[in-house]
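Peer 1: Following the hints, put chain V in place on chain D, whose structure we already have.
Those protein sequence lines, which keep their order, are chains D and V. Using my numbering, the letters of the first sequence map in sequence onto residues 3 to 200. Using my numbering, the letters of the second sequence map in sequence onto residues 263 to 439.
Rather than coming from a laboratory, the hints here were simulated on the basis of the structure. Take the hints with a grain of salt, since some may be wrong.
[As the list claims (entries may be wrong)] A few chain D residues that don't get close to chain V, going by computed Cβ distances all over 10 Å: (1) 19; (2) 72; (3) 79; (4) 101.
[As the list claims (entries may be wrong)] So the derived list for chain V, only partly shown, Cβ under 8 Å to chain D, looks like this: (5) 277; (6) 283; (7) 309; (8) 313; (9) 325; (10) 341; (11) 364.
Glycine included, every Cβ here is placed at the ideal spot set by N, Cα and C.
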Amino acid sequence: MSEFEDNLWITVVREHGDELTHTARTAHTHRRASRPQLLAGTTAGLAAMATAAALLFGASTSPPAFAVTRNADGTVTVNLMHPSGIAGANKELAAMGVRAQIAVQAKTPPKLVCPGGTAPTITFDPASIPKSQLLLIAPGQSSAGNAAALKGGSNGSGNTGPGATSGGGNHVVRMYPGGGKIRTDSGADNNVVRMYCP
Amino acid sequence: MRRNRRDGALAEFEEVYRSNVGLVAAYFARRCREPQEVADLTSETIVRAAGSFGAFDPRRGSARAWLFGIAAHVWAGYCAHVAESRDAIGRLAGYRALETSEIDELAAKIDAQQAGRELLERCSMLSANERAAIELVDLAELTPREAAAALGVPRGVLRMRLSRARARLRKEHCVDE
Chain D
3 MSEFEDNLWI TVVREHGDEL THTARTAHTH RRASRPQLLA GTTAGLAAMA
53 TAAALLFGAS TSPPAFAVTR NADGTVTVNL MHPSGIAGAN KELAAMGVRA
103 QIAVQAKTPP KLVCPGGTAP TITFDPASIP KSQLLLIAPG QSSAGNAAAL
153 KGGSNGSGNT GPGATSGGGN HVVRMYPGGG KIRTDSGADN NVVRMYCP
Chain V
263 MRRNRRDGAL AEFEEVYRSN VGLVAAYFAR RCREPQEVAD LTSETIVRAA
313 GSFGAFDPRR GSARAWLFGI AAHVWAGYCA HVAESRDAIG RLAGYRALET
363 SEIDELAAKI DAQQAGRELL ERCSMLSANE RAAIELVDLA ELTPREAAAA
413 LGVPRGVLRM RLSRARARLR KEHCVDE
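Isolated chain V (complex conformation):
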């Protein structure tokens, strides 16, 4: 389908948004207990993505991988501010407070990610890189190729991390096969 050049980027970004916003919210729901945190981190990721969509090059990886790369940066920045005991939420551009119905939605999403959160906790013996590989591929539904792009590593490296992580998990009986 051919789109009007003038609104092409907006329509294209909407496709990216609608296909991935749920996965991005789930990514943060595995990390946060508060709906407002999930909302703010998801909003920060999406707004940053919208602001830099002009520079997104699909030849370098899928939109999903690109979006998760941004999400990882947002999360890292958030953690750094928390570690420094600074107002991490306050730095998130003051996104709006949620309506009650939205809080309920996001609370349900947080609950739905309980299994994923537990898996990540059980994977604590893995390195951070291995955990990230397992999460993106096994929980966030990225392909190994997309996960490699999101983490900024060659596909071979990602596959090696994934393989090593799964082997260790099998050894530790952390996953059911």
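So that you can see chain D by itself, here it is in the shape it has in the complex:
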């Protein structure tokens, strides 16, 4: 896959991933035509409730796949317990008006495992994301230690997102544990935002 094709896939997943995840293919489910409507209704209902509580579950009978929480100081914390929670987390972030999305690299689903079974966490201040930009977080392989690495990249609208190179300099955005803010920096360890284990 070329870089263009990989980036286009990220766009597809961002715009239609949730819809496709909940799609019951017509050809396979002629006798279950009402099923997608029920699923869609359930999802919409959960999303509405989550705007206040900001805790959603990937499936009602499973452990929560993600949680998105707005903290008292205005920062937002995202916990991602399972890759299946990415679409829901993105939907919730969008519903909260936060210009950040977790992107999916479909061929290498992230390993979201922390010691003790806890979920990787990222906390950031949405106000520090420059206007007209979107924080794009692409889950990658776990890095050294107990951190699951997330890579920043450009957004889907042609704007250079935090963590992407722009012009001649590298503008780097880093997430720090404990609610650290997004910062612009440059250095060797660039283009990486990290989702830390708590």
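Peer 2: Chain V alone, transformed into the frame defined by chain D:
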């Protein structure tokens, strides 16, 4: 392999995407000179396909044929807007601007399609239907069955167009055999 029902359509669409996106980009690379045009038309095709994947019925034709049918619609719409001197790129949902490396990739793809573009130009004596049949089968690697599905014609009609086109090309010495 059995997939989880919940993410089945996404995984299935990813297979369709990865198997065909290069061919779709090449289809537009034979028609456009600008990487951004190729990118936008390819993106439009793929995003439309993702939005209607739930209605795709493999019993009616392969995913590749279905995708090329969408690509043909996207191209026709684009041409209509160009003909009307309207902002054809602007209507393509504002897909993102390309990174330099992506421009290089797509420029290389456009260059790689030079031979195909020349063949299509040399086929100008053929009707549009015959050209489409030749392109889908001989350049885009679709089977005659898939090409028929993509063009929305019966297989017999497609075979007839293909046969007629090849005969005319042989007669005009447009193709090496």
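Peer 1: Each of the hints needs a verdict: does it hold here or not?
Peer 2: Checked hints:
1. 19: Given that some Cβ of chain V is not farther than 10 Å from that of residue 19 (chain D), nearest at about 6 Å, it is violated.
2. 72: Holds, since 27 Å exceeds 10 Å.
3. 79: Correct as stated: the minimum Cβ-Cβ distance to chain V is 25 Å, above 10 Å.
4. 101: Answer for residue 101 (chain D): holds, closest chain V Cβ roughly 15 Å.
5. 277: Where the cut-off is 8 Å and the nearest Cβ of chain D is about 10 Å from residue 277 (chain V), the hint is violated.
6. 283: The hint holds - residue 283 (chain V) has a Cβ within 8 Å of chain D, the shortest such distance being about 5 Å.
7. 309: Holds. Min distance 6 Å.
8. 313: Result: holds, 6 Å to nearest chain D Cβ.
9. 325: violated (11 Å)
10. 341: violated (22 Å)
11. 364: holds (4 Å)
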